[in-house]
Amino acid sequence: MDIVIKKPRTIHSEAIANICSKGWKQTVEGMLSEEYQMKNVEYWYNNERVKNDIEAGFYSYIGFLNSEIVGVIGGGKTNSNAGEIYVLYVDEKIRYKGVGKKLLESLTQQQIREGISEQWVSVQKDNHRGIPFYEARGFLYKEKRIKEIETGEKQISLRYSRKLYSY
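Just so you know, we're using numbering that gives the first Met the number 0 here: the sequence shown kicks off at 0 and counts up by one.
Hints were generated in silico from the structure; no laboratory data involved.
All C-beta atoms in this analysis are idealised placements derived from N, C-alpha and C, irrespective of residue type, glycine included.
Be aware that one or more of the hints could be misleading.
Ranges between beta-carbon positions, derived for each pair [claimed, not checked]:
hint	residue 1	residue 2	range
1	G137	E33	27 to 37 Å
2	D125	Y95	26 to 36 Å
3	G29	G114	38 to 48 Å
4	Y140	F57	17 to 27 Å
5	E113	A135	20 to 30 Å
6	K153	K5	35 to 45 Å
7	E91	N46	19 to 29 Å
8	K124	K38	14 to 24 Å
Calculated lysine-lysine pairs in the DSSO-like style (CA-CA distance at most 27 Å, straight line) [stated by the list, open to error]:
hint	residue 1	residue 2
9	K6	K21
10	K141	K6
11	K153	K101
12	K92	K124
13	K141	K100
14	K143	K153
15	K5	K50
16	K143	K50
17	K143	K21
18	K92	K50
19	K76	K146
20	K38	K146
21	K100	K76
22	K50	K24
23	K153	K124
Given only the sequences and the hints, what does the whole structure look like? Please build it.
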């Protein structure tokens, strides 16, 4: 399986929006209402927003398999030595085949080049795909954050971090 990692362009916005929408909804399925899921997807993953976010550098890399986009990662620098992973989603048809690992490696190497020595990520509580993925790559649990969203529901995310080293 030949996974190719590239920088996204605005022509990729529809595929990125689709992967992120599906991935995020699967992550919060059974935890947050359909109403909130629809509003969140419409806000974050509409085609225009994704295009703007690509241009702003929010989406860092996309993964291709046979010219089809099968994964996306976005991240950035949050202070002089810390970076954040904002999104990491892989098409469910190709999960557990190394796409997420390659995307994370690409972002991590970029962040190391930018002088980042600590990488952070928020993972939805009970995310049985994300939590083991990050823990297997050296991320350690740091704290729980509870946010009341506009529907009155509580969204619970777990914060993880790991140290980055340049070699």
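Tested hints:
Range check, G137 to E33: Cβ separation about 35 Å, and the 27 to 37 Å hint holds. Here the CB-CB span from D125 to Y95 is close to 19 Å, at odds with the stated 26 to 36 Å. Distance hint check for G29 and G114: the Cβ-Cβ separation is about 40 Å, which falls inside the suggested range of 38 to 48 Å. Checked against the hint of 17 to 27 Å, the pair Y140 and F57 passes, with Cβ atoms roughly 25 Å apart.
Against the hinted window of 20 to 30 Å, the Cβ-Cβ separation of E113 and A135 comes to about 24 Å, which satisfies the hint. Here the CB-CB span from K153 to K5 is close to 38 Å, well matched to the stated 35 to 45 Å. Between E91 and N46, the C-beta spacing of about 21 Å keeps the proposed range 19 to 29 Å intact. At about 20 Å, the CB distance of K124 to K38 agrees with the hint of 14 to 24 Å.
Between the alpha carbons of K6 and K21 the distance comes to roughly 21 Å, so the proposed pair stays at or under 27 Å and holds. Straight-line distance between C-alpha atoms of K141 and K6 comes to about 30 Å, which puts the hinted pair past the 27 Å bound. Simply put, K153 and K101 have alpha-carbon atoms about 32 Å apart, too far for the 27 Å limit, and the pair is violated. In summary, the hint linking K92 to K124 is supported, as the alpha carbons are separated by about 23 Å, within the 27 Å threshold.
Pair hint K141 plus K100 holds up; C-alpha atoms about 22 Å apart against a cutoff of 27 Å. Between K143 and K153 the alpha-carbon distance is near 12 Å, which keeps this suggested pair within the 27 Å criterion. Between K5 and K50, the direct Cα distance comes to roughly 16 Å. Compliance with the 27 Å bound is thereby established for this hinted pair. About 31 Å separates the Cα atoms of K143 and K50, which puts this hinted pair outside 27 Å; it is violated.
Proximity of K143 to K21 is assessed by CA-CA distance (about 24 Å); at most 27 Å being required, the pair is judged to hold. Distance check on the hinted pair: K92 and K50 sit about 24 Å apart at the alpha-carbon level, within 27 Å; holds. Restraint check for K76 and K146: the C-alpha separation of about 23 Å stays at or below 27 Å, so the hint holds. Under the criterion of a C-alpha separation no larger than 27 Å, the hint pairing K38 with K146 is consistent with the structure, at around 16 Å.
Only pairs whose Cα atoms come within 27 Å are accepted, and K100 paired with K76 is accepted, the gap being roughly 20 Å. Between the alpha carbons of K50 and K24 the distance comes to roughly 20 Å, so the proposed pair stays at or under 27 Å and holds. For the given pair, K153 sits about 11 Å from K124 by alpha-carbon distance, which is consistent with the 27 Å threshold.
Hint violations for this structure: numbers 2, 10, 11 and 16, all remaining hints satisfied.
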